Amino acid sequence: MSNILTVLIFFPLIAAILGLFVNQKSIRVYGITVAAAEFLLSLWLWVSYDNSVAGMQFVEKLKLIPEFGISYYLGVDGISLFIVIMATLMTLIGIIALSVKDNLKNMIITLLFLEVAMVGVFVSLDVILFYVFWEFSLVPMLYIIGAWGGDKRLYASIKFFIYTFAGSLVMLVGILYVGYAYYSTTGVWSFSLTDWYGLILPFSVQKYLFWAFFLGFAIKVPMVPFHTWLPYAHGQAPTVGSVILAAVLLKMGSYGFVRFSLPLFPDASVAYITPVVIIAIIMIIYTAMVAYAQKDIKQVIAYSSISHMGIIVLGTFAMNVEGIAGSVFQMLSHGIVSGALFLLVGAIYDRRHTKLLSEFGGIAKVMPNFATIFVIMTMASVGLPLTIGFIGEYLSLLGFFKVSPVLTVIAGTSIILGAVYMLSIVKKTFFGPLTNPENEKLTDLNAKELTALIPLVAIVVWLGIYPKPVLGPINNSTKALVQLMHKKSITPKAQEIILVSKDKGVNK
Amino acid sequence: MTIGLTHYLVLSAILFSVGLAGVLRRKNLLMLFFATEIMLNAANVAFAAISVHIGDLSGQMFALFIMAVAASEVAVGLGLLILIYKKYGTLNLDNFSIMKG
Amino acid sequence: MENYVYIALFAPLVSSLFAALFAQKPKIQLVGIVTSLLIGIALFASVILFMNIEETGKAVSVTLMDWIVVGDMDTKFGFSVDQVTVVMMTVVTLISTVVHIYSNYYMESDKSFNRFFSYLSAFVFSMMILVMSDNFLGLFIGWEGVGVCSWLLIGFWYEKKDETRDVNPSISPSWAANEAFIMNRIADLGMLVGIFLIYWNLGTFKYTEVFAHIGDLSHTMLIGIGIALFIGAMGKSAQFPLHTWLADAMEGPTPVSALIHAATMVTAGVYLVIRANPLYSQIPEVGYGIAVLGTFVAIFAASMALVNRDLKRVIAYSTLSQLGYMFAAAGLGAYWVALFHLAAHAAFKALLFIGAGNVMHAMHDELDMFKMGGLKKVMGWTFLYMGIGSLALSGIYPFAGFFSKDTILEVAFNEHTYGIWFILWLTAGLTAFYSFRQVFLVFFGDERYHEIGAHPHEAKPYALWAMAPLAVAAVVVGFFKEDFVEFVTKFLPEYEMSEHTEHMVVILTIITTLVALTGIVVAYLKYAKGLKRNLEFEQNNKLYKLLYNQYYIPVIYDRVFAKPYKELSDIAWKEIDMQVVDASVDGIAKFVEKSGDVSRKAQNGNLSSYLNWMAAGLVIIIVIAAIAVAVQ
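Residue numbers (the working numbering), protein chains in the order written: chain A, 1 to 508; chain B, 1 to 101; chain C, 1 to 632.
Source of the hints: derived by calculation from the structure; they are not laboratory data.
Since the structure is predicted, the reported quantities are computational estimates derived from the model, not experimental observations.
Among these hints, one or two may not hold up.
[As the list claims (entries may be wrong)] Heads up, simulated BS3-like pairs for lysine-lysine below, C-alpha to C-alpha not over 27 Å straight-line: (1) A:Lys25 - A:Lys448; (2) C:Lys545 - C:Lys532; (3) A:Lys152 - A:Lys105; (4) A:Lys428 - A:Lys448; (5) C:Lys76 - A:Lys468; (6) A:Lys448 - A:Lys105; (7) C:Lys206 - A:Lys468; (8) C:Lys160 - A:Lys428; (9) A:Lys207 - A:Lys493; (10) C:Lys161 - C:Lys376; (11) C:Lys160 - C:Lys566; (12) A:Lys295 - C:Lys206; (13) C:Lys76 - A:Lys479; (14) C:Lys563 - A:Lys152; (15) C:Lys25 - A:Lys448; (16) A:Lys152 - C:Lys574; (17) C:Lys563 - A:Lys295; (18) A:Lys441 - C:Lys160; (19) A:Lys207 - A:Lys488; (20) C:Lys27 - C:Lys111.
[Stated by the list, open to error] Derived list of chain B stretches under chain C, where covered just means 3 residues or more per stretch with a C-beta under 8 Å from a C-beta of chain C: (21) 17-27; (22) 86-96.
A virtual CB, placed ideally from N, CA and C, is assigned to each residue, including glycine.
Taking the hints into account, I'd like the entire structure generated from these sequences.
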């Protein structure tokens, strides 16, 4: 099947529209079936993916507006492949674990629309198409938070929408400018990313464009100080919203850095390593501290997300294969782990209708399976070796160590501070005497929740022990990316920092 | 002294200013109509003069076009005025502020 | 032979998974038996490997599969069993087997019996990875793995609540578990930095390749790597200032203390220094620093053990002190001496802890030695075992400690580091004193346990039998010193005493034994006849209070690190995040809203004022256009 990516995008869209005619009773089964079929499709994508090729695969190109070089242009490589699979997986798991009662039909249809947007963002190779999907993803999320959220859902959803939208408008200006620059250099209009990769911009232009794209991505990631929409969004969103927001939507920002900022503006990226990474480090340490101060379990996980995204940004700006591959892997690992943690928090919220830490304590006794899975995910979150969390965090730090040992050591405190806040919530929630009588009649995870969580536990362990099937393609594509950056970089500093291979680096 | 382009343009500018002053100062809707007609005709004068000056007929065509539009505008506008007067009994602008934000 | 490597490595994993199957079920005796058997199989495989390596002198290496392959990094799950590894393996599996069997007794009435064995076996698996791995990254897996298992096991009785006890502002098993994990994480950061330095300078993690090229690096770089790795070692081996977790870890079940916090995990740091001996031989100045720190910890921990009344904490401090001895030896370049002391110490310290476990069981979990006394009558065997352990710890001939500890003192003398020698010598006296203070307080004197209504009883026979191998080891290990040296120096550098030291050996031995005997005699005079407390002294003597309160270090850490961090976090959230960052975002939104409110007044609905605005706009546009034209 040569146009599998088109199927991957439009299958949920058609299914969502058809879903309008499915009756209320069978909508859950319908949703699970569609999401499962979509997930299997994405797995098929992986199976037919050729590991030996580093470039784009399953490419489809159809001219939409030839006058302006805008086309329907899709393709995946090792960097995007697994994020796509994760998006379909987390949608499936989100639908399986869905616990909303009212308007279930609307929720499932919205989730399918969201899936269209998520898959579309990661497989688009045309920048305008990418931008359309990027903005489109806001709408279902706005609806999910605004319709099924908590008490302050309107405030949270509007804040989420306007904030990220404002950032992406600045990015749109950047996109148009790069398109214009491409036109003035080559004489033809093109918005396809692979064409843009060949464009070498002067540094004076790169620096403005870098910050324009940076603002769009940084708000999405979210980087400090643009992060305050996230705690509200997570705090108000229903469980499935938080799961998808943390697992996939945030990755759009960090994916943007890897896919756009680095290869399009390699010299500017190298020139601004220090400010960007200082922001990343502030993000890592500051949000880890804020997470420790939270009184609400879900907020702890929300802030910990920001802290982990800091590691991803750090790895991305390492400018070597180890760091970038590590940060891409960390995107997957953070998606799986934080998704699972949000599901777990959702499970307890469904039972007690509170997420306040002070309400809990000692519930390991009544909910042993819940506690076990939570602890496994905690350990993955703090980056224990042989769990998925270690590899990405370790490689990101290792990669950046080449650029600046001192900053890496400061950023490395995340392994300490991460343990501080995660273990402190584990202790406050699960350990100690069971004092609150409300908690005594809590029931352990039910079959539905276990079905959603056990695959995630399996992935956490499997990719921790044997990451090669995933890390291999990521590694190949990252190598190609770094080679491209190295080839097109023009400033001497970028030539020096962008490290294709250690043997060719400065040290040997 | 021959009458050149400048004179026509000055006339046009004066007419336009008269019209503009009328638009700004008059409170009666009917008077406003007259003022706008004056401004339109100011434009017509300028169009025709420039058209002659550069030897291109499209300016005069435009002037005719504006006349046609102005005529139809007056036709519709006066009809509306009559309706407004019937409904409110006045044509004073200050009485119509239903679009207040 | 490769198969034995796999058996030794994976038998504990199988054991752990088997027990985990029943983790939430009520006690199943079979779980305890099967796990003990499987660990016994690992011991068997280790012994076979030991004999094989003794015969062939060659390391056995296996490579399992790729792990992280990215960029230029190619890390595999590789395991290599050489002389040092096999000594560690044998020590670990021997003590693990004993502790597993013993735990059947100790945990017999615990409702989470199966879960306990799952954790315990998982710990053995991690420890085996730690010692068997052939590269630094594999070591780090084990390093973190034992950390997590230690976290699980310290916090095993998780339902206990936090309380304020003695000097500790708040303590409970789960609190101590978190403390241990977080403190180790601090050290792990150092370890990671060492690993990063190795990677970016040598491009590999494999011990053999790293140490083959270690000479290519600059001296400064070597010092950097050496210090970074040693910071990692400081955490696991609880060296000052990261030592407080070890004493608090005594909140865990006693078999755990015996296995993890005495015999195996805490020696991982020493193992790392021994393993990295080609590195540390190049940087004697760092080695000297390690030795000085080790010496300081030896006396520092011993001083706290002098006055503590908690049975387990005394042994914990003594572990800390003995780890200091090991670091002193390793730092001075006598790697095999450190390894020998490690092995000997593992045997007698585990014996002491298990003995303490028997006492705890007899005393219904009472730990205050001032409430015991006279237990010799009811617990003859335990008394014998703890006596042997204490004699070995004090370094009395012919027990194991005599041979290993004396050699460390000789090394210190031989290196002309007389300061280190003197402090270690003094510590030997203190060690003997506090060990026998413990023995006399628990087993001799008046029977104070009646006051708390305890009915002490001896442990079950199989538990006592399980302790026997350790007791035998504590007695006889010393006589195999020559064989041990011959065996391990095929891998580790030899350490030759100078002629001058050789002459002095007899004198040194005599004065060391004398100070130890003095310690025992003092303890006998003070405690053997029953406890006579001097309350006024305990309350008013500054030194006593300082030692009893662990130099107030737990309080200082709480006030200097824990509390300010919490307060700072609160400020970061409530003041900065909410009041500054989020408020400015909302401020922008409010500004837009307010300016809309203001400009809304322009839309008054009056057509003539609209027309005025329109005209004004027109004028502005014309002016701008005119200016633009004029500028061009």
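Here's how the hints hold up against the structure:
no. : hint                : verdict
1   : A:Lys25 - A:Lys448  : holds, 17 Å
2   : C:Lys545 - C:Lys532 : holds, 18 Å
3   : A:Lys152 - A:Lys105 : holds, 23 Å
4   : A:Lys428 - A:Lys448 : holds, 26 Å
5   : C:Lys76 - A:Lys468  : holds, 11 Å
6   : A:Lys448 - A:Lys105 : holds, 18 Å
7   : C:Lys206 - A:Lys468 : holds, 19 Å
8   : C:Lys160 - A:Lys428 : holds, 12 Å
9   : A:Lys207 - A:Lys493 : holds, 14 Å
10  : C:Lys161 - C:Lys376 : violated, 34 Å
11  : C:Lys160 - C:Lys566 : holds, 23 Å
12  : A:Lys295 - C:Lys206 : violated, 45 Å
13  : C:Lys76 - A:Lys479  : holds, 20 Å
14  : C:Lys563 - A:Lys152 : violated, 32 Å
15  : C:Lys25 - A:Lys448  : holds, 22 Å
16  : A:Lys152 - C:Lys574 : holds, 19 Å
17  : C:Lys563 - A:Lys295 : holds, 16 Å
18  : A:Lys441 - C:Lys160 : holds, 20 Å
19  : A:Lys207 - A:Lys488 : holds, 15 Å
20  : C:Lys27 - C:Lys111  : holds, 6 Å
21  : 17-27               : holds (count 5)
22  : 86-96               : holds (count 3)
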